[in-house]
Every structure is written in C-alpha cells, then in structure tokens.
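Protein chains in written order, with our numbering: chain A, 63 to 438; chain B, 63 to 438.
By construction, these hints were calculated from the structure, which means they are not laboratory data.
Keep in mind that the hints are not guaranteed to be accurate.
The list treats identical chains as interchangeable, and a pair is accepted whether it falls inside one copy or across any two copies.
As the list claims (entries may be wrong) - Straight-line distance between alpha carbons at most 30 Å, and here's what the computed DSSO-like set of lysine-lysine pairs gives:
#1 Lys88 / Lys381
#2 Lys88 / Lys430
#3 Lys328 / Lys219
#4 Lys88 / Lys328
There are 2 protein chains.
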Amino acid sequence: MIYLDNGATSYPKPPNVLSSSMNSLKNYSFNSGRGGYSVSVKTAEKIYSVREKIGNMFHFEPQNVAFTLNCTMALNMAIKGSVKKGNHIIISSLEHNAVYRVVYHLQKNGIATFDIADFSFDEEETVRNFEKLIKPNTSLIVCTAASNVFGVAFPLKKIGEMAKKHGIRFIVDAAQAAGVMPIDAEDCNIDILCAPGHKCLFGNMGTGFLAVKNDVFLDTIIDGGTGSESKNPNQPDYLPDRLEAGTLNNSGIISLGAGIDFIHAKGMDTIYKHELMLTDYLYNGLSKNENVTLYCPKPEKNKSAPIISFNYKDYPSEKTASYLADCNIAVRAGFHCAPLAHEFFNTIDRGTVRLCPSVFTSAGMCEKFLNCIKKL
Amino acid sequence: MIYLDNGATSYPKPPNVLSSSMNSLKNYSFNSGRGGYSVSVKTAEKIYSVREKIGNMFHFEPQNVAFTLNCTMALNMAIKGSVKKGNHIIISSLEHNAVYRVVYHLQKNGIATFDIADFSFDEEETVRNFEKLIKPNTSLIVCTAASNVFGVAFPLKKIGEMAKKHGIRFIVDAAQAAGVMPIDAEDCNIDILCAPGHKCLFGNMGTGFLAVKNDVFLDTIIDGGTGSESKNPNQPDYLPDRLEAGTLNNSGIISLGAGIDFIHAKGMDTIYKHELMLTDYLYNGLSKNENVTLYCPKPEKNKSAPIISFNYKDYPSEKTASYLADCNIAVRAGFHCAPLAHEFFNTIDRGTVRLCPSVFTSAGMCEKFLNCIKKL
Chain A
63 MIYLDNGATS YPKPPNVLSS SMNSLKNYSF NSGRGGYSVS VKTAEKIYSV REKIGNMFHF
123 EPQNVAFTLN CTMALNMAIK GSVKKGNHII ISSLEHNAVY RVVYHLQKNG IATFDIADFS
183 FDEEETVRNF EKLIKPNTSL IVCTAASNVF GVAFPLKKIG EMAKKHGIRF IVDAAQAAGV
243 MPIDAEDCNI DILCAPGHKC LFGNMGTGFL AVKNDVFLDT IIDGGTGSES KNPNQPDYLP
303 DRLEAGTLNN SGIISLGAGI DFIHAKGMDT IYKHELMLTD YLYNGLSKNE NVTLYCPKPE
363 KNKSAPIISF NYKDYPSEKT ASYLADCNIA VRAGFHCAPL AHEFFNTIDR GTVRLCPSVF
423 TSAGMCEKFL NCIKKL
Chain B
63 MIYLDNGATS YPKPPNVLSS SMNSLKNYSF NSGRGGYSVS VKTAEKIYSV REKIGNMFHF
123 EPQNVAFTLN CTMALNMAIK GSVKKGNHII ISSLEHNAVY RVVYHLQKNG IATFDIADFS
183 FDEEETVRNF EKLIKPNTSL IVCTAASNVF GVAFPLKKIG EMAKKHGIRF IVDAAQAAGV
243 MPIDAEDCNI DILCAPGHKC LFGNMGTGFL AVKNDVFLDT IIDGGTGSES KNPNQPDYLP
303 DRLEAGTLNN SGIISLGAGI DFIHAKGMDT IYKHELMLTD YLYNGLSKNE NVTLYCPKPE
363 KNKSAPIISF NYKDYPSEKT ASYLADCNIA VRAGFHCAPL AHEFFNTIDR GTVRLCPSVF
423 TSAGMCEKFL NCIKKL
C-alpha cells in the first residue's frame with residue numbers, strides 16, 4: 063500500500079513508537095498519581111516526561127500540558143472552557159469542524175456568537191481580516207495553524223501579536239502542523255495550543271493535548287476524579303489536574319513521547335523538507351496533467367503544511383479516491399470535515415482528493431501515484 | 063509485585079489483549095469511517111465488532127455504543143447531555159467524583175440542582191430513598207452499580223423499575239461492575255450505561271464507552287468532525303457519530319474487544335466467583351486481626367463488586383499503603399475520588415486502604431498480603 067493519508071493519522075509509526083507502546087502496556091499501565099507503590103510512581107514520572115517533551119517543543123510549562131483523547135476534545139475544552147455568556151469569537155475561514163461545530167453549537171445555544179475571518183495569501187490582509195471583525199465583546203480568536211485540506215498556513219505570529227494588542231485570547235488548532243512546522247507559543251502569543259498526538263507527532267491514535275499558558279484559566283467541560291483534592295467537589299484549580307479527569311491513555315501518551323524522540327532524532331526541519339520535497343514533486347506532476355485541478359500554490363516552507371488537494375476532470379472526489387484505492391493507494395476524498403475551507407476554495411460541490419505524504423513516503427511511491435493518475 | 067489495585071486499572075492484561083493491541087497498532091491504525099481504502103474499511107469493521115461485543119454483553123444496539131477516553135468522559139457526556147436548565151438530578155450517596163463533581167458543577171452554574179439518596183443494605187429502602195427525593199422537575203437518576211471504595215452494589219433492577227415508573231432517565235456508572243457483574247440494561251431499564259474499558263473489561267487504559275438506549279437523545283458536550291454529514295454544522299443526530307467527534311483510540315478499542323473475548327473464554331461467572339473467593343479470604347483474614355477495621359459485610363455474589371476497604375489501627379490509610387508498598391504489594395489508599403462514600407461510611411477523616419483482586423490474583427498472593435499485615 064502507498065499511504066498518502068497522513069493527514070488523517072500518520073502511518074506507519076516509527077519503530078521506537080511501536081516498541082515503546084508495547085513496553086508501556088506491560089510496564090506503565092498503572093494509575094499515575096493515584097497509587098503510592100513503585101510502578102505507579104514510575105508511571106507518573108514517565109507521563110510527566112512526555113509533558114516536558116511537549117512543553118519544550120512548543121514552549122509551555124510541562125504541568126500546563128493536559129492530555130486528551132484527540133485534538134477535537136482538546137479544542138472543545140479550550141474553546142468552551144474559555145467562553146462566557148455573551149462573548150464573541152472569531153474563527154478563520156479554513157477551520158475544521160472541530161472548531162466550526164463547536165462555535166456553531168455555542169451560538170445555537172445562545173452562549174456566544176462568532177464571525178469568520180477570511181484567509182488571504184497576503185499575510186497582512188489575513189491579519190486585517192481578523193482585526194476588522196473585533197467587537198467590544200470579542201474574547202477569543204481561534205485559528206488553525208494550517209488548513210487540513212489545502213495545507214496553507216496562517217501567519218500565527220502576526221495574528222498572535224494582533225490578538226495580544228487587543229487583549230483577546232488566542233487558541234491555535236495545530237492538528238496538521240504540530241511536529242512538522244515549528245511553533246513557539248511564546249513567540250506567537252498563543253494562549254492555548256491544541257494538537258493531536260497521532261499525526262505529525264507520530265504517537266498512537268487516542269492521543270491529543272492542550273497546552274495552556276500560565277495565566278489562562280479554563281472552566282471545565284469534563285469533571286471527575288483527579289486523584290487530587292478528592293474532598294473538593296470542584297475540579298482542582300491547578301494544571302494538569304484541572305483538565306485531566308479520569309484515567310489517562312498511558313501507553314498512548316508514552317508513545318507520543320517516543321514520537322517526539324523520533325522527530326528530534328531525525329530533525330523536524332529534515333522531516334518538513336522531505337515532505338515538502340514530495341508535495342513539490344506531486345504538485346509538479348499533477349500540474350502537468352490537464353485533467354487535474356489544483357486549488358492552491360504549491361506548498362512552501364513556513365507557508366504551508368505538506369498537504370495538497372486536487373480533483374480529476376469533473377469526477378466526484380470519492381470516485382478518484384476509489385480508483386486510487388483499487389491501485390492500492392490510500393488517500394482521503396470528500397470534505398475532510400472542513401466545509402468552511404471547501405466553501406472558501408469553491409470545492410463545496412464535490413470536496414477534494416487530499417495527498418499527505420510523511421517522512422516514510424518515498425519519491426518512488428509518489429511516482430507510482432502520478433503514474434496511476436496518468437492511467438485514469 | 064502483588065497487585066491488589068485492580069479497581070484503578072486491571073493488571074496484568076490478558077495475553078490476547080496485549081497481542082491484539084500490538085496487532086492493531088500495526089494493522090488497524092487507520093481512520094475508520096473516513097477513508098475508502100481497504101485498510102480503513104477493515105479498521106471500521108473491526109471497531110464495529112467491538113460495538114457488537116459490548117452491545118451483546120449489556121443489551122444495547124451496537125451502533126448505540128460510543129467510545130470515549132474513559133468512564134469519566136462517558137459520564138460527563140451522559141449527564142450533561144441529558145440535563146436541561148431547571149432540571150433536578152438524584153445521585154446515590156456512594157458516587158465517585160466522576161458523577162459528584164459533574165452534578166456539583168451543573169448546580170454551581172445554575173443549570174440543575176441535585177439531591178443525594180442514601181445507600182442502604184436493605185434494597186427496598188435504597189429504592190425508597192431515591193423515590194422520596196423525586197420532585198416534579200427530576201429528570202435524571204445517576205447511580206453507581208457498585209461502590210468503588212466499599213464494593214457494595216445497588217439494586218439496579220429495582221431502581222430502574224422505579225425510575226421507569228416515574229418517567230425519569232436512568233444512568234448507571236458501571237466502573238467497577240462492567241465485565242464482572244452481569245448487567246442487562248434492558249432488564250434493569252438502564253437508559254445509559256457508562257463504563258471504563260480498562261478495568262474489569264481488561265482493555266487498555268484510554269478506553270471507555272457509553273451505551274445508549276434507542277429512544278435516548280443527548281445534547282453534545284464535544285463537537286467536531288465525524289467524517290459524516292461534514293457540511294452540517296451540527297453533530298449528526300444518529301449514533302455513534304453524534305457522540306464520537308475526532309479520531310478514536312483504535313488500538314485501545316480493539317484491545318477492549320479482546321478483553322471481552324477473554325471474559326467469555328473464562329466465563330464472567332467464573333471470574334466473579336474467583337474474585338469473590340479471594341475477597342472472602344482477605345476479609346476473613348483481616349477480620350481476625352484486632353487492629354483492623356472493616357466497614358462493610360464481606361462481598362457477596364450479586365450484592366457486591368469484589369472490593370474491600372479497611373484501615374489499620376488509627377493509621378492514616380496512606381501509611382498502611384506505604385508499608386504495603388515496601389512489601390511490594392500495590393494497593394490504593396486515601397479517598398479513591400469518592401468523598402461521598404467516605405462520608406457515608408464515616409471514613410472521611412483518613413480514607414481507606416482498598417483491596418481489589420483480579421482473575422490473575424492467587425490465594426497465595428492474598429496470603430502473603432495477610433502475613434504482611436500481621437507483621438505491621
């Protein structure tokens with residue numbers, strides 16, 4: 063199989079991720095922070111080491127990293143935990159349903175309203191598009207680091223500066239960027255960063271996190287046992303306990319730590335360049351095919367995640383993907399849970415076929431893909 | 063190590079759970095329901111087979127089983143998704159913070175109020191204790207199947223009958239019962255059953271589920287991509303999509319399926335009897351020690367989960383557990399995230415030491431534990 067669906071989840075996982083998963087299922091599957099016996103304490107230390115790895119990568123305090131089931135859960139906790147009745151939210155025009163459905167739900171329930179700021183290939187214009195939507199009650203800007211459909215990235219540093227100037231909390235959905243594009247939350251004034259563990263960070267499915275700046279306080283949407291302050295009927299005020307109720311996915315979290323080790327060993331920049339080289343190759347190959355429509359400029363360093371979307375003739379995107387599946391090539395077609403992005407790039411009628419190579423994808427695989435498209 | 067903390071998470075996991083975890087990390091780590099390629103479709107089928115196993119075990123439709131990070135997340139989704147402004151909730155006096163903190167949060171935010179129904183060793187009295195708290199605006203009864211501290215079980219069938227008579231939704235927290243005590247949701251009129259996958263069901267940590275009756279509609283607390291109805295800004299109305307936003311913990315879910323296979327191969331009744339035999343042995347041994355305080359009658363079939371709590375002299379429970387940790391015996395001490403239960407059984411000053419054997423615990427291990435206590 064030629065796997066070009068790394069935007070859904072990265073596959074394969076690095077060998078050290080698999081070995082660490084198995085090791086942690088055997089040796090770190092104890093309730094950390096609840097038991098005083100040796101293996102429970104060791105498990106807590108191991109989990110904490112992953113908080114440190116994430117904290118170091120994105121510039122957060124380790125204890126401010128809270129683990130979740132996935133990036134969607136993290137975004138729900140970040141957005142709903144931030145909003146008070148009467149607030150106004152600004153999101154980008156390329157948001158995933160993990161953001162769009164959340165703010166839509168808040169608006170439908172009369173809790174907050176939202177507006178959508180258009181992406182522009184001109185970074186300053188993108189920032190202005192956000193800024194001009196600010197109202198007196200705007201409390202939150204939520205923006206994806208890069209579109210999960212078209213790869214284009216947002217100027218996080220500039221948006222963060224603007225948000226800070228207005229005293230507005232800034233949440234970033236780093237679903238397609240965390241692990242491949244460098245993100246410094248301090249530098250970009252990001253108040254809360256949400257990310258999956260199983261995409262560019264190479265951990266297992268069932269992992270995600272939100273990382274929160276020191277001065278950010280969140281209301282909880284999930285309450286429950288934390289093994290701390292048990293007599294207090296409120297969630298503890300401090301992190302990560304406040305945001306981590308119930309038993310964690312230990313082996314998943316530890317696999318995510320191994321994924322970060324893998325990235326450091328390879329070099330994030332090396333991985334990013336390899337994937338951009340492949341998207342470049344794919345883009346050039348596709349752009350020579352007169353039957354193919356591409357929707358954005360080719361992915362470029364620091365301007366895009368390594369993701370391309372295309373369509374063939376007037377085929378429904380699913381038809382093209384189905385043909386590729388018959389060629390043993392795995393891609394995702396349709397709307398990629400991002401209707402806003404499809405509206406913005408005029409692909410809302412049939413969606414797109416998405417290509418996401420990884421560090422494990424070779425140029426030869428991409429060549430085979432291009433040959434299959436030629437034969438379509 | 064002698065592990066008597068299976069109430070936190072079961073350890074070890076059965077061999078087929080470990081092998082299935084590794085197999086699924088390699089072969090089923092694809093986004094089910096989003097991709098049309100062969101391994102994605104096979105993954106979706108594998109995930110569905112676990113819904114069927116859970117559905118069969120507890121008497122729900124397979125598609126009404128939604129997977130979560132843990133039982134806490136499931137309970138939050140069940141309770142918060144059920145409650146409308148002005149509703150009244152009744153919970154039991156032995157609830158875990160995964161229920162207590164949830165209803166407390168709802169009350170603090172002016173959404174719902176709650177009252178607490180006392181447990182009684184007389185089943186009819188327990189039911190009356192719930193019934194007499196019913197108000198015109200009572201919409202929900204939430205009850206644990208068995209106390210996570212003291213093991214005592216609630217008469218679910220009788221409470222369910224009473225709830226049905228009054229047209230009140232009935233949610234059961236089966237954290238310590240699912241997989242070891244038989245629960246038939248149809249027979250007990252349970253509208254929503256919440257359970258962890260990693261305790262008596264022998265799956266990995268990072269797994270839980272809520273199973274929902276056909277006529278039960280829940281508002282969502284987590285919104286996001288479902289790979290279905292992507293253009294709809296609302297969560298789909300149908301299950302499981304409505305309650306499963308974002309990427310699932312595939313290997314965890316599949317491990318949970320393997321855990322259920324293990325239970326069927328051993329026989330749930332055999333497992334339950336083995337664990338009760340051990341709690342009987344532990345209880346008898348401890349009750350002969352004049353320095354030990356026990357708080358409940360010994361666990362009895364269909365009246366209790368295989369869990370015992372005790373204290374030694376006037377020691378803080380943590381001191382006893384720490385001594386046991388030095389003997390390489392793993393138990394949990396303190397409040398077990400269940401302050402209500404400690405208030406009820408008058409252990410709120412120092413908590414308890416909790417003993418939870420599993421099918422992998424032997425009588426010899428329990429004997430060693432009793433010998434250690436003798437030497438204390």
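Hints, one by one, checked against the model:
1. Taking the shortest Cα distances, Lys88 and Lys381 sit within 30 Å of each other only across copies (28 Å), while inside one copy they are farther apart (43 Å).
2. For the homomeric pair Lys88 and Lys430, the shortest alpha-carbon distance between copies (23 Å) is at most 30 Å, but the shortest distance inside one copy (40 Å) is not.
3. Taking identical chains as interchangeable, the C-alpha atoms of Lys328 and Lys219 lie at most 30 Å apart only when both belong to the same chain, with a minimum of 26 Å there against 58 Å between chains.
4. Taking the shortest alpha-carbon separations for Lys88 and Lys328, both the intra-copy value of 27 Å and the inter-copy value of 21 Å come in at or below 30 Å.
Checked against the numbered hints listed earlier, the structure breaks none of them; every hint is satisfied.
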